[in-house]
Amino acid sequence: MPNLHQLHAELAKAGIAVPALGSYTDDSGAVTIHAYSDTGEIVPLPKAAAKVVKAHVPQPTEREAALAALRASDNPETRALLIVLGLA
Amino acid sequence: MATIGGSAPYTVTQRPATVIGVAASPTTTSTTDVDLPDMAVTLTTTGGDLLCLGVCVVGNSTSATGNVYLTLSLDGTQKGMAALATPGIGNWDTVTVHDMLQGVAAGAHTVKLRWHTDGGTAVANGTQRALTVVEIRR
Numbered sequence: 000m001p002n003l004h005q006l007h008a009e010l011a012k013a014g015i016a017v018p019a020l021g022s023y024t025d026d027s028g029a030v031t032i033h034a035y036s037d038t039g040e041i042v043p044l045p046k047a048a049a050k051v052v053k054a055h056v057p058q059p060t061e062r063e064a065a066l067a068a069l070r071a072s073d074n075p076e077t078r079a080l081l082i083v084l085g086l087a
Numbered sequence: 000m001a002t003i004g005g006s007a008p009y010t011v012t013q014r015p016a017t018v019i020g021v022a023a024s025p026t027t028t029s030t031t032d033v034d035l036p037d038m039a040v041t042l043t044t045t046g047g048d049l050l051c052l053g054v055c056v057v058g059n060s061t062s063a064t065g066n067v068y069l070t071l072s073l074d075g076t077q078k079g080m081a082a083l084a085t086p087g088i089g090n091w092d093t094v095t096v097h098d099m100l101q102g103v104a105a106g107a108h109t110v111k112l113r114w115h116t117d118g119g120t121a122v123a124n125g126t127q128r129a130l131t132v133v134e135i136r137r
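Chains A and B are the protein sequences, given in the same order. Per numbering that gives the first Met the number 0, numbering of the first sequence is gapless, rising by one per residue and ending at 87. Per numbering that gives the first Met the number 0, numbering of the second sequence is gapless, rising by one per residue and ending at 137.
Bear in mind the hints are in silico, worked out from the structure with no lab data behind them. Remember, predicted model here, so these are calculated numbers, not experimental data. Treat the hints loosely; a few may be bogus.
Listing some non-contacts, in silico: residues in chain B with all C-beta distances to chain A over 12 angstroms [claimed, not checked]:
no.	residue
1	42
2	52
3	56
4	72
5	88
6	129
Facing chain B, according to a computed beta carbon distance under 8 angstroms, are these residues of chain A, among others [unchecked claim]:
no.	residue
7	19
8	24
9	27
From the three backbone atoms N, C-alpha and C, an ideal C-beta is built for every residue, glycine too.
Given these sequences and hints, build the entire structure.
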């Protein structure tokens, strides 16, 4: 899955300004990323965005990175806490 | 408690129009209202009130505190109040929004279910969302 906030920043860096991003999954399981018009209608990404999307490598979010670090811990208290929270 | 419409009888003028989710697991990062995929009903009314009922199962994939808001719009203008949930990551909440839009002029109109988030990435669970609109007259 794309990291939409990261992709939004990458598009902006490439000079492609869109108000926000969204996505959905079609029947084949393919994920379509889209933008919005100024009034909130779903519109395709500008053609110039294709290169940026293709180069997009989703980075873990801050939460995902923190959770991975916790899961890698050998500390029994940390592992117990993850079990309690349903995150082990 | 305020009463709208008193006890006057209402008549349903046509079959309720309902749409359900088709595209799976839509997401948005928008902090202002945008279209929720597949959630638009266009109907031609005879001039009456529109009862609108929207529901969506929502989550947030990246923020534990980001709210997910659901609103109704008529012809591009938000109507009524926003409903919201703070599902947190890995959880789902069912959000419902409803309104009686009074005195809608006869003609073609579009009602939409829209959404936004104030943090993270809002997610709708699968195709679990629906919008029903019915015109009724006093």
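So, going through the hints one by one against the coordinates:
no., hint, verdict
1, 42, "19 angstroms, holds"
2, 52, "21 angstroms, holds"
3, 56, "15 angstroms, holds"
4, 72, "9 angstroms, violated"
5, 88, "6 angstroms, violated"
6, 129, "16 angstroms, holds"
7, 19, "4 angstroms, holds"
8, 24, "4 angstroms, holds"
9, 27, "11 angstroms, violated"
In summary, the structure is inconsistent with hints 4, 5, 9 from the numbered list given earlier, while agreeing with the others.
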